[in-house]
Amino acid sequence: MQKYLARRALFALGTFIGVSVIIFVVLRVIPGDPLVAILGVEGHAQMKPEDRVRIMADLGLSAPLPVQYGRWLVDIGAGRLGKSFFRGDTVADLILHRGPLSAEIALLSFIISWLVGLPVGILSAFKPNSLPDSLARALSVLFIAIPGFWLGMLVVLALLFWFGYKAPILVVHFWQDPWQNLQIVIGPAMVLGLAQGAYIARMSRSCLLEVIGEDFVRTARAKGLRERLVVLRHALPNALLPVVTISGVLLGFVLGGSVAVEQAFGVPGLGRALVVAVIERDIIVVQNLVLLYAVIFVAVNVLVDLSYAWLDPRIRYG
Amino acid sequence: MHAILRELGRFTRRNTLSAIGGMVGLLIIVVALAAPVLAPRDPLKADFRRMNKPPDAQSLLGTDQVGRDTLSRVIYGARTSLFVAFSAVLLGTTVGSLWGVACGYLRGRFDLVSQRIMEVLQSFPDLILAMAISMAIGTGLQAVIVAIAITRIPFGGRVIRSVALSVREMPFVEAGRANGGSALRVMAIHVLPQCVAPYLVLATTHLGVAIVIEAALGFLGVGVPPPTPTWGNMLADSITALVPPWWLAFFPGLAITVTVLAFNLLGDGIRDTLDPRLSPGFLRLVTGAGRSAPGAAPTPLTSPAAKS
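These protein sequence lines are chains A and B, in that order. Residues in the first sequence are numbered from 35 upward in steps of one, following the working numbering. Residues in the second sequence are numbered from 13 upward in steps of one, following the working numbering.
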């Protein structure tokens with residue numbers, strides 16, 4: 035197990051380096067002059083040359099690119115994430131202030147997706163092609179197709195219409211006012227959770243159906259176990275692995291999806307901060323936030339792998 | 013011709029839902045192509061006498077804040093959104109698939125390095141990678157297409173690579189090599205044709221994802237720049253109002269949902285018909301082996317990627 039852990043950790047480290055290189059290439063090398071990236075072509079042309087030089091030096095953008103890359107990594111290591119070009123907030127503050135909201139949304143949606151998806155999948159698999167099964171499958175196909183941000187917009191619109199809902203303006207942390215905090219995060223979490231739940235229902239149904247055809251399930255039935263026990267005790271644990279995979283992959287994708295869903299609900303989370311930074315072309319903020327999202331994604335994948343090893347001894351010792 | 017019709021007939025009987033999805037998808041493509049004929053008004057023309065009108069006889073789906081006809085904008089939006097999605101998927105899946113063929117056939121160091129690059133590309137949430145790329149190369153139609161295409165590359169690469177890996181061991185490929193064909197020649201005339209079916213499956217399943225990413229980019233204000241009507245842009249426009257008119261928020265989103273649903277259903281059917289190996293059962297086999305095993309690609313084809 036330790037060897038497995040070490041191998042995974044090394045692998046994740048390699049991915050981290052790769053991710054940071056890609057971000058650096060995309061955001062700092064491809065646009066050419068970083069000031070063009072920040073100010074746009076017209077804005078850049080309007081600037082005096084000496085101003086350009088001063089700002090470049092100020093931002094540490096005049097050093098050779100490999101040196102800049104190295105400095106960036108060192109800064110990350112030291113916890114210095116730079117600051118916004120336009121607002122003067124440090125990126126670290128931004129993350130600490132807004133990150134918890136986005137993290138709550140992601141976690142809550144993850145919980146909702148299992149609470150909804152797994153029971154639906156099991157019920158579907160109990161009686162395949164029955165009416166409830168068909169209904170569940172139709173709903174999951176529908177929820178996979180609906181873009182979360184649109185569903186979010188409709189929910190907000192309905193709340194606005196009937197309950198006079200107002201989009202939250204300020205960040206309220208759970209430890210400050212749990213009730214108000216929940217009101218902010220529950221909407222996006224529901225929308226994202228249902229979308230993930232649809233995938234989980236679909237996956238658990240098809241995996242369960244496949245496992246139910248196997249010999250050990252027939253044995254369990256043959257020794258006279260009740261159908262419920264056969265499915266829940268014998269079939270389910272063996273069908274769970276792919277569902278865990280897809281849930282991990284989904285949790286990663288929720289990171290991306292939450293950006294648009296936060297916008298739809300007007301939640302002042304990290305996703306909103308990223309969108310604002312992209313629109314303002316605030317390159318330092320974008321660079322570090324994109325890295326953060328990628329790092330979380332990689333970390334989630336490592337956790338999924340570890341949960342495999344925990345669920346399936348063949349991987350641990352293989 | 014007759015044979016094609018018979019095949020289509022069989023497909024329809026076996027996958028009725030997919031066939032319906034295909035028909036709806038085709039209909040939407042026709043609507044997009046015929047936009048100038050079908051749209052009742054100019055989608056860009058503001059009419060200040062008719063601002064924020066709910067659906068009525070004159071404009072069936074209402075008008076927006078500057079009096080543009082929502083129905084016409086949804087129809088023209090289909091044009092932009094589908095054009096972006098099709099181009100991006102075509103570009104991304106093709107590049108990814110060719111890369112995948114090369115990886116699977118050549119193996120060795122090239123494959124190893126390529127696999128790492130694709131893994132790194134897949135370590136970004138799609139929407140966020142697309143945002144960053146389109147920010148770097150400028151926000152125009154082409155930039156959005158390239159940005160979405162790049163996020164599709166690793167999916168094509170990994171799936172087609174696994175196909176090429178198994179095809180390269182087949183006798184006819186060996187025969188091609190024994191005949192003295194160069195690697196390029198063997199790949200092009202022996203391996204590539206075997207990858208067409210999975211390629212089609214991939215392309216169809218990723219169309220829906222591409223449409224949602226495009227819409228999300230437009231919604232976030234970093235996609236195809238206004239005033240070009242795209243479904244995402246229209247949704248973004250609608251929430252600028254203090255109390256968004258319901259018809260502005262509803263119809264473009266409905267268009268996205270119906271289109272994605274149609275392509276997803278079609279993709280599921282094509283997958284079941286063309287390549288049973290790419291079904292959830294296959295995915296289970298692959299993922300069950302753990303992620304670090306060679307050749308393991310725990311990549312769901314119907315990527316939830318742009319679930320936004």
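Derived from the structure by calculation, the hints contain no laboratory data. Do not take every clue at face value.
Partner residues aside, some chain A positions facing chain B, computed with beta carbon under 10 Å [what the hints assert, rightly or not]:
no., residue
1, 57
2, 292
3, 293
Heads up, the beta-carbon is just placed ideally off N, CA and C, and yes, glycines get one too.
If any of the earlier hints don't hold here, list their numbers in rising order. none
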